[in-house]
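**Q** Protein chains in written order, with our numbering: chain A, 235 to 476; chain B, 835 to 1139.
Honestly, I wouldn't trust all of these hints.
What the hints assert, rightly or not - Simulated coverage check for chain B against chain A, where a stretch passes if three residues somewhere in it have a Cβ under 8 Å from a Cβ of chain A:
hint	segment
1	881-889
2	904-915
3	934-942
Said to hold, decoys possible - Far from chain B, some chain A residues (derived; all Cβ distances over 10 Å):
hint	residue
4	Leu351
5	Val356
6	Phe416
7	Ile461
8	Ala465
It should be emphasised that the hints constitute simulated quantities derived from the structure, not laboratory data.
The beta carbon of each residue, even a glycine, is placed where N, CA and C say it ideally should be.
So you can see what is in the structure, the chains are spelled out below.
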Amino acid sequence: MTLAIHLYRRMMRRGRVIALVALSSVPGLVYWLGVFDADSGEAAGLYSEIVSAVGYTFVIAALILTAATLREEKDAGTLPYIYMRPISRPWFAAQSIIAGSVAAIVIGIGGWLATVLASIAVGNGLGPTLPALSLFVAAAIGYAAVFVPLGYLAPRSLLIGLGYIIVWETILANVVTGLAQFSIWRIALSIYAGLEDDFGRVASDTLGPVTPGVGGGVAKLAAVVLIGLGALTWTLRRRDAL
Amino acid sequence: MTDTIVVTEMSKWFGLKVAVSEVTIGFRPGVTGLLGPNGAGKTTLLRVITGLQRPSQGTIRILGVDPRADPVIYRKIALVPEDETVYDRLTGRQFVELAARLAKVDNPKSRVGAVIETVGLSDAAGRALGGFSKGMKQRAKVAQALVSDPEVLLLDEPLNGTDPVQRAHLIDLFRQLGDEGKTVIVSSHVLAEMERMTDRVVAMVDGRLAAVGDVATIRAAMTDKPRRVYVEASDPRRLASSLIVTPGVVGVAIDGGTVHVETSDAGDLARQLPVIALENGIRLARVEPVDESLESVFRYLVEGR
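With the hints as constraints, model all of the structure from the sequences given.
**A** Here is the structure:
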């Protein structure tokens, strides 16, 4: 796992981590502001809605971070130091995605902790926030599986990634119901919805036609990871590294 | 002696730009210099050989293996890239240790210490690479390449930024590695550096092989090539008429106040010019040799083939 550790350390610069945790903490802040006058029942429902709808800030943080996993090495010209090693390409791809996932999970947990603190601050305790951890973890893994290969392949991966988030996940997946099944955010949300009994109306709207459920969500997530792994392996083998 | 690296009809292009064109060549153990001006295709050739880039056509075999097909070959190949960038937050020792761990080196600690000592970085190894001078970074890059004890070592402009002492040390090191039977390819655009490292030179220009042979052949070609010198003088006509009968001068032309001189012996012209000026009462304002660059020599070699 030397490569994964190296990539993770390189990504997690202090300034970047602080900025991205702050970005992914927006739902916590909104929750804190939104539940002042709410009773505990309303607060739980509101929590799901806020995390589902405002959680996109985490997606952008995950994009910035995971797309940089191999892109920074490529842009800086340091890729030969890791590429020219006796590491099979599938294992190289797996370690890259693991590094991106763990980094995004750390950022996601940072954001999630902000919601936990907000929940405790308004007197609702840990109850409504705990299942949301699954949302951030699942989303982190899913986005890493997509954005790590994208970052390696495309110099303008941030722009393309933003296009995916805004055009595909936010607009198209809402309009064309079939596309919602291929939305990583909704896949992660379906796992969260499977764990959270008090899933709000807005959250259900966001989920759209995707069926809530841990098993199905995890299976779809596994498929996304396998596709990402395959794509990165292929790219490492077939495309110029520099 | 069999070739350890075999490049067969290899071309590499990026869109419409041809970086390397139909190169067929073999490299054997010992030091080989890859010589050529900037933009000649040296870096692209090294990147394709190491598998960092795919050949657009043709094949590469290192120790009989296509490096892109089997990464296990990277146990036996190492590259010192041209890019100055390293991991600035790592110390020199951490950088080399990272290379050792990724290359799955046995007993990495002692090996790391040994190569750091070999490149003369023992005192600075605990410092962050970001604070290293360019020459020190070059040595750190050489150390990370040597840590896996590769059979094939490719170095892209490894002497850039090094001071004369460091340069002499690295040149000795490369020669020693070549003497030990390793295949060492060193790219450079400085012929004098190459002469100190090896007799065997591959010269490239415009993505093509310009010459393959020993340094003496290249040197001779350089000597044969007429040199052009621009001379600004107070009386260009008088100077031109005197120069035309000077031995070694093969052509003279006047352009305004400047005399364009072509000579087969630039050194002799440099000696004769002040004498002629003094004898004829001509004041010399400027003497400028042109097309002295290696690029012009390579172009001459290519055109002369």
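**Q** If you count the residues of the segment 881-889 of chain B with a beta-carbon closer than 8 Å to a beta-carbon of chain A, do you get 3 or more?
**A** Since 6 is at least three, the answer is holds.
**Q** Beyond 10 Å on every Cβ pair: is that true for Val356 of chain A relative to chain B?
**A** Given a closest Cβ separation of 40 Å, the condition holds.
**Q** Please check whether the beta-carbon of Ala465 of chain A is more than 10 Å away from every beta-carbon in chain B.
**A** Fine: 17 Å to the nearest Cβ keeps Ala465 of chain A off the interface.
**Q** Determine whether the non-interface label on Ile461 of chain A survives the test: each CB of chain B must be over 10 Å from its CB.
**A** holds, 22 Å
**Q** Quick one: see if chain A covers the segment 934-942 of chain B, three-plus residues with Cβ-Cβ under 8 Å.
**A** Contact hint for the segment 934-942 of chain B vs chain A: holds, 4 residues under 8 Å.
**Q** Take a quick look at Leu351 of chain A and tell me if its Cβ sits farther than 10 Å from every Cβ on chain B, holds or violated.
**A** holds, 31 Å
**Q** Hey, does Phe416 of chain A actually stay past 10 Å from chain B on C-beta?
**A** holds, 31 Å
**Q** Three residues or more, CB to CB closer than 8 Å: is that satisfied between the segment 904-915 of chain B and chain A?
**A** Holds, because 9 residues of the segment 904-915 of chain B bring their Cβ atoms closer than 8 Å to Cβ atoms of chain A.
Hint compliance for this structure: every hint is met.
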